[in-house]
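Participant: Residue numbers (our numbering), protein chains in the order written: chain B, 1 to 359; chain E, 1 to 139; chain S, 1 to 115.
Bear in mind the hints are in silico, worked out from the structure with no lab data behind them. Values in this document were obtained by computation on a predicted structure and should not be read as measured data. Hints are not guaranteed to be accurate.
A partial selection of chain E residues facing chain B, derived with a Cβ cut-off under 8 Å [as the list claims (entries may be wrong)]: (1) N37; (2) Y55; (3) M116.
Where a beta carbon is used, it is the ideal one built from N, C-alpha and C, also for glycine.
Below, each chain spelled out in residue letters.
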Amino acid sequence: MAQRTVIPFGPQHPVLPEPIQLKLTLKDEIVEEALPHIGYVHRGVEKAAERMDYTQNVFLVERICGICSFIHALCYCQGLERLMGLEVPRRAAYLRVIWSELHRLQSHHLWLGLYADAFGFESLFMEFWRCREMLMDIFEKTAGSRVIISACCIGGVRRDISDQHLQETLDTLEALEAAFDKSSDVMLNDYTVKKRTVGKGVLPADKAILLGAAGPVLRASGVEQDARQTGFAAYDELRVEPVVETAGDCYARAKVRIRECRQSLDLVRRAIAGLPDTDIAVRPKGRPNGRTISRVEQPRGELLYFLAANGTQKLDRLRVRTPTFANVAPLVHMLPGCEVADVPVIVLSIDPCISCTER
Amino acid sequence: MTEAARPPVAAVCDVEPTRPVVVADLCAAAEAMAVRNLRFVTATCLDMGETFDIYYHFADGGVKLENLLVTIPREAELPSITGSYLGAFLVENEMKELFGVNVVDIAIDYNGRLFMTELDQPHPMAKVQSGAAPAVAGE
Amino acid sequence: MMLSSVVRNLFSKPATRPFPVSARTAPDGYRGAVAFEEDVCIYCGACATRCPANAICVDRVAKSLDFDPFKCVQCGACAEACKKGCVQLQIDYQHPVTVHGTVTFHGAPKPTEAP
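Required output: the full structure, derived from the provided sequences and hints.
Facilitator: What follows is the structure in C-alpha cells.
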C-alpha cells in the first residue's frame, strides 16, 4: 500500500550551499509534487539600490552574487550607459568580455565541483576546485580581488590589464585546459557518473519555455537562446554560438556547461588576441533619466536589469531578475516522478544561487 | 564594427518595444505570447504612487524582447498569468508581497509569505508615504 | 584518471601552505586595507560621499575623519575620489582586531596653505 509522506528538503542539506526548502510530497520513494520555498536570505538589495547613489550602486549590485560579481556590475553599468548615452571605449568592451568569460569559467568550475559532490564524488570536486583556484589567482592579479573584483565602472572599466598579465593569463589557461580535459572526461564518460545523471530530471523544450528557464538549463533542453547573441560589450565582434544539447536531463546540463567552458577559453584567447588599444573609460556626464532594460548572459543564464531613473542621483527602481529566479520554477516540473535519492542531483543541476534569487 | 550590430542606445525615455494593454486583456495577451512560443522572462513592478506600472517581459528568440505594460490603480485586482506561464508564480508572489499589488488566482500562492514573516512590516518596496510619484532625494 | 590522481596525490606535497611559517603575499594592485595619510588630507569629504558602505564620515569644520574598517568593503572608490592621493589601499589585508570601533584621524592646523 503506497503511503504519502511530505519531506522538507532543506533549508539545511548537505548538498545545498545556500538555503532553499523544497516540500516534497512522496509516494513511497517517488516524488509526486515539489513546492519550493525561498526567503531565508532575502536582503532587500532592490530597496537599498533606491537609497544609494547610482555610482555607489555598482558596488552594491556586485554583491548580489559573488560568483558572477563582474557580470552583475557589467549589466548595471551597461543599462546606465544606455540611459546616459555613453559609448564605451572598445578596449573596455574587450576587457569586459575577458573578465566576464573568466567569471563564467570560474563559476562553471565551481558548479562542476559542487555537482560532483552532489552525487558523492569528492575527489572530482577537489579536482575542479583545484583548477578554479588558478582562475581566482588571475582575478587577484588583474583586478585586485579574488571574488568581488570591482573592475567595472560606469563608462568603462576601472583598471587596465598589462601585457605581462595578459600573457600570464594565457599561460594559466593553457595549464587549466590540460587539467580540465582530464576532469571533464570523467564527468562525461565515467560509468557511475552517467548512471546518476543520464535521464534524470528531464525538462522538454516546450516546458522549458513556458516555465521560463534560463541559461544552461534552457539550452540543455534544445532551445538556442543565449543573451550574448544580442552583442553587448564586445560580443558583437566576438561572435558566440549558443551551446545546445537536446536531451534536457542532468547529463545534458553538465555537458552544456563543460562545452561552455571550452567556448569561454576560446573567447578569452580571441579577446586577448584582438584587444584594441584605446582608452579604458569615458567620464560619465549628466544624470541618468528614463527607463531601460539591460540584458547580459551570466554563467547561470540570462540576467535582466530594469532601470528607472528620474534625472536625480538616485534611481527610482532597480529591478534585478537573476537566472536562478527563473530556474526555480522548472524544478516544479523536473522533480515530480523522480526518486527521492535523485533530488539532490536534480536540484544542483540548475546551479542554484539562492542569494541571487532573493536579492 | 558596424553600427547596426551594436545594441541601440536608447534615446527615448522608455523601454521599447512596449505594448500597453488593459487589465482585462492581460491574460489573453499572455496567452497569445505563449501560443507564439515566447519565453517568459520576468515582470517588473513600478510604484507610481496612485498607480502601479507593471511590465511583463517576454523573449522572442535569444535577441529580441517584447514587453507588455499594464497600469492599474493601487487597489485594483490584477489577474495572474500563471494560467499561460506557470513560471510567473514566483514574480507574481513577489509583487504581491513587496509592493502590495493585488494579484489574484496565482497557481502557487504563498499568501505574502515568500520572503517575509508575519513579524515584518508589509510591502516594504511600496512608496507608502506620499501619493505623489517618485520622491526626489539626493539633489 | 582516478588512478593517476591517487598516485599524484600520494607523492606530491600538500596544496596548502603551512600558514604562519610561510604566508602568501598578495600581488601588486591588490585591494587590501584602507590607509589614510592624515597630514596630507584636506578633509574635503570626497571619499565619504563616494563610499558605498558609508564607512567614512568626514567633519569638514572640525577637520576630522572617522573610518570604520568593519563597514569598509575595500572597493577602492575612496582612493579614486581622493584628489590629494592620501587614501590608498594597501597590499596587506585588514587584520583582525579584538575591539570593534572606528578609527579617527585629525588634521593638523595648516596656517599657510588653503586647498
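Participant: Need the list of violated hint numbers for this structure, in ascending order.
Facilitator: none
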